[in-house]
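Okay, here's what each chain looks like letter by letter:
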Amino acid sequence: METWLRTWAILWKDILIEVRTKGTFNAMAFFAALVLFIFSFAIGPDAALLRRLGAGLLWIAITFTGLLALARTYHSEEMAGGLEALLLYPGEPRAIFLGKLVGNLVVLLLVEAILYPVAAVLFHVDLGGHFLSTAGVAILGTFGFSVVGTFYSALTLHLRAREVMLPLLVLPLLVPVLLGAVSATAALLTPETAGGLGGWIRLLVAFDILYFVVCTWTFPVLLER
Amino acid sequence: MGAGPALRLEGIGKRFGHTWALRDVSMEVAPAELVALVGPNGAGKTTLLRLVGALHRATAGRAEIFGLEIPGDEELVRRESTLLPPHGFLYEQLTGLENLRFARLMAGTKPSREELLDVLARVDLVRAADERVGGYSSGMLKRLSLARLLLRTPPLVLMDEPYASLDADGIDLVDGIIDELRESGRTILLASHRWERAIRDADRLVVMERGRIVWTGTPAAWAERRDAGGALAGTPGPERAGAAGTPGERPATGSGA
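So the protein sequences, as listed, match chains Y and C. Note that our numbering gives residue 179 to position 179 of the first sequence, counting from 1, and the numbers run on in steps of one. Note that our numbering gives residue 44 to position 44 of the second sequence, counting from 1, and the numbers run on in steps of one.
Only chain C is shown next, with the shape it has when bound in the complex (with noise of 0.2 Å):
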């Protein structure tokens, strides 16, 4: 790992057939630092993550991880990142438990039953541990994500919806892993549609719309914009690019850092 940024995306663009899910996406974030992505459903923050984690590959531009660069690094991108998808990749016809024995093998190590539900513990599901997973409910699908999350913290946090489906127990429980993964110096870059609760961790806010970086600031600058009565007509967001800027506010030119 480098001195510089924790990453750096260039111009990244994604098509799906004719479809654009991303354009001309630049923006930086800090080692140790919160982004928060924001934005509606369909605003690209799902590509964005998976992209950079070296889930999928962009059409255009390129990024840099920890010094290490998509297209190229792929593979080693992937072992300084984790994402934590919003739909779980998880086997309905396996276990909880058996579902981290997979996370952790094919993560190169042999686990022990007692250190898995140890994991399970932490997220309050070994009641459920030997239960298959079809079985569980939405929100016990995302506690079991976060489990598998817990197994592996690389330096590089992805999180994708975290607080979807959970209860005011299940958002404490998230809230808390990402004070932990804060504390321990972790960079995470978090996808949410709850703007609550993305105000309430991030240290930088990026709204995305469209596929594109449309605003990015500090929360107290959009906190202020939106005082100021500048939030988007059905959301509590900030107006679009090119509006006046406050203190802490940035131009929206797809450059976060």
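Next comes chain Y alone, as it looks inside the complex (with noise of 0.2 Å):
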């Protein structure tokens, strides 16, 4: 009960913040709006090819739009003089980890849901015939490149080169999770060309345990300084 509580403190303080700021959301839908009008400006006229390049593109502008996300994850912390404001209140360390993580979650998952409508009109698929599927799809590899880079963010903290740093110790980890969130999506929107949604889905859904489990574990070790 302690634990959720303390989740949800986190939750609750990080979105009232962001609903009070508009800083990151704001940002970030823009910036991941003019990715896809870029790819697609850059692409041409050619349905088709917009069409099997999509899914790719659209993870693309995920992928850099939720980084902007993750470099402001202890953002509120920062300003309000370290992390060490988080240890102040005792408790299940962890708990601060799955605040961070829903509150990620959250901020990408309201981008996305602006990003998937502007992705379909400019790269001619259609969402509404695998509306849940492609939700679905979204999710699990919105959590994944969540958990990932909300300990990351956690473990760049402190470093002075930590803008350079993050990006350059996440990707790499988010490879697995990118893979199959970017072929999943294609098997659902473009089938003609792309296919064995059920393994990449399997695929998404072992790393995000994975990744989950073993961040969510060795976290406390991050607030140690």
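Wrong hints could be hidden among the right ones.
Counterexamples of contact, computed for chain C against chain Y with all Cβ distances above 10 Å [as the list claims (entries may be wrong)]:
hint : residue
1    : P5
2    : E10
3    : G135
4    : S138
5    : D172
6    : G185
7    : E196
8    : A221
These stretches of chain Y come out as covered by chain C in the derived footprint (C-beta under 8 Å, 3 or more residues) [claimed, not checked]:
hint : region
9    : 1-9
10   : 16-24
Worth flagging that the hints you see were computed from the coordinates, not collected in a lab. Cβ atoms here follow ideal geometry from the backbone N, Cα and C, with glycine treated the same way.
Two chains, two frames, a set of hints: combine them into the complex.
Now the structure itself:
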């Protein structure tokens, strides 16, 4: 019970701050849409090509945008004086990770709620036919992304070049998640050119579980200075 | 909690990069004792409090808080102690009331608005309860920090510069809170560069300089030393370690209790 209250406290606090500052969400949504537009213009009017590349381009936009969110995961604590701001309160330290993880997940999924329809229009794909399945894949992919990102955001918090280090450390670990998310999304949106949906979803689920267990288990070590 | 000292430090050292913020600090604090850490800026007072509160990890040495060991029992130590930080650790975008609600939730209980307003009333901040903390003055921030401290008062209370930024009423408020904590048997470790306040409050003074304990003794011993002309230049404090002792004074070997 205490762990869930602490998790809720962090989520509530971060969302309240985000709603009041509107800094991250607006910038992320605008940036993500911009990336999609640039890809769309760069590839040109070839509808078949856009359809075929759509899933990959969409997840590139999500990845770039997500990195912006991850870099700000502990921003409110930095402004308040450091991660020690959270250690003042005794209790399960993993709740800090869980609260931050859910916060990143919610923000990213909200951005994706804007991004998917934009991508559907730009890349000529029909979301309506597989709406729930596509949403499920988006949630699985975003969860894995958020788990790794939330963990490494704490790990790189005290590094001097952390803006550079965060993507360098996170992106290699995200390869299986992104591979699964892109391939599963493609299998849903363009089944004529991509397949193996079940296998990709199993890969996503496996890495989500693996990353979640490892990152949650080892997170308390990151809080020690 | 055992029957031993509330706090025992043995050879504590803390290094940030190449700089040692603390070196070979050893001391003991008895249960219900109020010990004031005094010394100039950069003496290591804040670092020591953060190590005792398990917010930082020592580079060397070990600590024991009510029988709980650091390293090892950090999470339990955080339950047995609380810290009044010098700069608040408060969220500017939240209101005063929301900051307290967050603190309460993080401590594992759901607070009511009335309960939080009662605490804010004690520090005379009810009028600013629903204002964002970003607009608070430094004195108001300190009062809000004090309100957060009052939400949870475990056996060991660590206070870092509790008088900083406060006006006369605020200083009286801190004195009242300290008196209250003492009456309820809390052990207090208080860091301050305001000697006159530390002397008023403390059972014992621990003088720090450049990360080391250089003198320890009672306020009376320090006053005798000062009157004898042994004060450090620029401060009303005692001279350095190893000088002739006065009644109640301890040698500056780092052993405090």
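Run the structure past the numbered hints and jot down the numbers of the failing ones, going up. Every hint satisfied by this model.
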